[in-house]
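Keeping the supplied structure of chain R fixed, place chain G upon it in accordance with the hints.
Number of protein chains: 2
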Amino acid sequence: MKISIVGKGNVGSHLYNAFKEKFDTTLIDSRNPQNLNPSDIAIVCVKDDAIKEVVQNLKGKARIIAHTSGSLPMEILNSYSTDYGVFYPLQTFTKNVDLCYHNIPFFIEGNNQHTVEVLRELANAISGKVKECSSEERKKLHLSAVFACNFSNALFTVAHKLLDSADISFDMLLPLIKQTVDKLDKLSPEAAQTGPAVRNDSFIISRHLEMLQNEPKLAEIYRLITELIRDNSRNPVIK
Amino acid sequence: MKISIVGKGNVGSHLYNAFKEKFDTTLIDSRNPQNLNPSDIAIVCVKDDAIKEVVQNLKGKARIIAHTSGSLPMEILNSYSTDYGVFYPLQTFTKNVDLCYHNIPFFIEGNNQHTVEVLRELANAISGKVKECSSEERKKLHLSAVFACNFSNALFTVAHKLLDSADISFDMLLPLIKQTVDKLDKLSPEAAQTGPAVRNDSFIISRHLEMLQNEPKLAEIYRLITELIRDNSRNPVIK
Numbered sequence: 001m002k003i004s005i006v007g008k009g010n011v012g013s014h015l016y017n018a019f020k021e022k023f024d025t026t027l028i029d030s031r032n033p034q035n036l037n038p039s040d041i042a043i044v045c046v047k048d049d050a051i052k053e054v055v056q057n058l059k060g061k062a063r064i065i066a067h068t069s070g071s072l073p074m075e076i077l078n079s080y081s082t083d084y085g086v087f088y089p090l091q092t093f094t095k096n097v098d099l100c101y102h103n104i105p106f107f108i109e110g111n112n113q114h115t116v117e118v119l120r121e122l123a124n125a126i127s128g129k130v131k132e133c134s135s136e137e138r139k140k141l142h143l144s145a146v147f148a149c150n151f152s153n154a155l156f157t158v159a160h161k162l163l164d165s166a167d168i169s170f171d172m173l174l175p176l177i178k179q180t181v182d183k184l185d186k187l188s189p190e191a192a193q194t195g196p197a198v199r200n201d202s203f204i205i206s207r208h209l210e211m212l213q214n215e216p217k218l219a220e221i222y223r224l225i226t227e228l229i230r231d232n233s234r235n236p237v238i239k
Numbered sequence: 001m002k003i004s005i006v007g008k009g010n011v012g013s014h015l016y017n018a019f020k021e022k023f024d025t026t027l028i029d030s031r032n033p034q035n036l037n038p039s040d041i042a043i044v045c046v047k048d049d050a051i052k053e054v055v056q057n058l059k060g061k062a063r064i065i066a067h068t069s070g071s072l073p074m075e076i077l078n079s080y081s082t083d084y085g086v087f088y089p090l091q092t093f094t095k096n097v098d099l100c101y102h103n104i105p106f107f108i109e110g111n112n113q114h115t116v117e118v119l120r121e122l123a124n125a126i127s128g129k130v131k132e133c134s135s136e137e138r139k140k141l142h143l144s145a146v147f148a149c150n151f152s153n154a155l156f157t158v159a160h161k162l163l164d165s166a167d168i169s170f171d172m173l174l175p176l177i178k179q180t181v182d183k184l185d186k187l188s189p190e191a192a193q194t195g196p197a198v199r200n201d202s203f204i205i206s207r208h209l210e211m212l213q214n215e216p217k218l219a220e221i222y223r224l225i226t227e228l229i230r231d232n233s234r235n236p237v238i239k
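Residue numbers (this note's numbering), protein chains in the order written: chain R, 1 to 239; chain G, 1 to 239.
Next up, chain R with everything else stripped away, as it sits in the complex (with noise of 0.2 Å):
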């Protein structure tokens, strides 16, 4: 099989070390399509609003044309092949940073049968958590990995600026954050939930809000996500 990787960007360099010493593989410039020589698929790793202008200039080069975007449903390709999907990695790259690709799930969709089997053979070439899914479940999927990776990490950054103002290093503070995600492995989030808002303690909350009083939106972040919190624990989702 004859694979071409469109983008030099993060995913685009990650897929295309995954790939290369398993498949007849290249890696081309998105702005420069014209050294894309026929291949059975073309995988197209560009920013969501780059997608469209790049495939265009892919038409008739690959029998299948995918996009890689979390958000985007598979239809947007729908005018420039008879074959075309979805490859999704969720997962965050990083230029040097190594990833073991076999732990990182992909997320696969395709228009006709043939088109899911191709996706489905590559990536269980290089992982081996590969699942079907339709545009409607990937953008739940995309919106749940806001909410627990780039919004958690937003908290991160609140909690490095708290700790800044205590003279006290963030590293401080890797332990628990470890912990705290470790603990996933046994414990549902709903079970492992933890610390004043699950316990009711009503005091050290009203304290904290205190200590937020000149800072309204992260007062407000902490109001919404402890009520957040009681919620949960009055209504647990039952697994």
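Treat the hints with care, as some may be off.
What the hints assert, rightly or not - When the alpha-carbon atoms are kept at most 27 Å apart in a straight line, the in silico BS3-like pairs for lysine-lysine are as follows:
| # | chain 1 | residue 1 | chain 2 | residue 2 |
| --- | --- | --- | --- | --- |
| 1 | G | K47 | R | K186 |
| 2 | G | K8 | R | K178 |
| 3 | R | K178 | G | K47 |
| 4 | G | K178 | R | K47 |
| 5 | R | K186 | G | K59 |
| 6 | R | K178 | G | K95 |
| 7 | R | K178 | G | K161 |
| 8 | R | K161 | G | K186 |
| 9 | R | K178 | G | K178 |
Claimed, not checked - Listing some non-contacts, in silico: residues in chain G with all C-beta distances to chain R over 10 Å:
| # | residue |
| --- | --- |
| 10 | K8 |
| 11 | Y16 |
| 12 | N17 |
| 13 | K22 |
| 14 | D24 |
| 15 | L27 |
| 16 | N32 |
| 17 | E117 |
| 18 | R120 |
| 19 | Q213 |
| 20 | R234 |
Worth flagging that the hints you see were computed from the coordinates, not collected in a lab. For every residue, glycine included, the Cβ atom is placed at its ideal position computed from N, Cα and C.
Relative to chain R, chain G alone:
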């Protein structure tokens, strides 16, 4: 040195295990402190609102009395002993979940130099990360831990519910969550921030808010944390 650990909950049990091979240590039921023989130090490991009642019964039985609360000032102990302090381990303790004590940061505070030195000796015996810290600083530390750990766990719960509605297992998100935290070994959370908010992708953000239109609390949390990320990327902390 004779140590009494008062309170058989999660913190007390873990501290007892950590100390018992290095010091003459006794674990005492906080409801039956009459079993307490005179000791050099009593470390009180009970809930914040039970501390005063418990230390009342310790008067005269220990040279030093220390509590383990993240949020209560040291001075709540000032009428129960001439030597008093705080011995605060920054970790989430779960019974039957083993911990590597050496990596747990301990924050200590004493009302005089002798007390600080005893607390430092105890903390150094089990941990490689010991720091003296005032009650004011400890309050900020505790608040930062609530944001970084309790609240990020609440966001994992949000993700869990969203994934349930797409019939995707929460386990699929764990590699991404772990990578989000592993990045903090090398990058500050500000530098590690990814996602639609930091790249100012208004199209995705408005689609996400649409998906949350029946969940007003989640939509408001989404809006506020997105604003926070945008504010931070405009005013980064220079380290």
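Going through the hints against the structure:
no., hint, result
1, G:K47 with R:K186, "25 Å, holds"
2, G:K8 with R:K178, "25 Å, holds"
3, R:K178 with G:K47, "24 Å, holds"
4, G:K178 with R:K47, "24 Å, holds"
5, R:K186 with G:K59, "41 Å, violated"
6, R:K178 with G:K95, "17 Å, holds"
7, R:K178 with G:K161, "22 Å, holds"
8, R:K161 with G:K186, "18 Å, holds"
9, R:K178 with G:K178, "8 Å, holds"
10, K8, "18 Å, holds"
11, Y16, "19 Å, holds"
12, N17, "16 Å, holds"
13, K22, "20 Å, holds"
14, D24, "28 Å, holds"
15, L27, "22 Å, holds"
16, N32, "24 Å, holds"
17, E117, "21 Å, holds"
18, R120, "16 Å, holds"
19, Q213, "12 Å, holds"
20, R234, "13 Å, holds"
Hint violations for this structure: number 5 only, all remaining hints satisfied.
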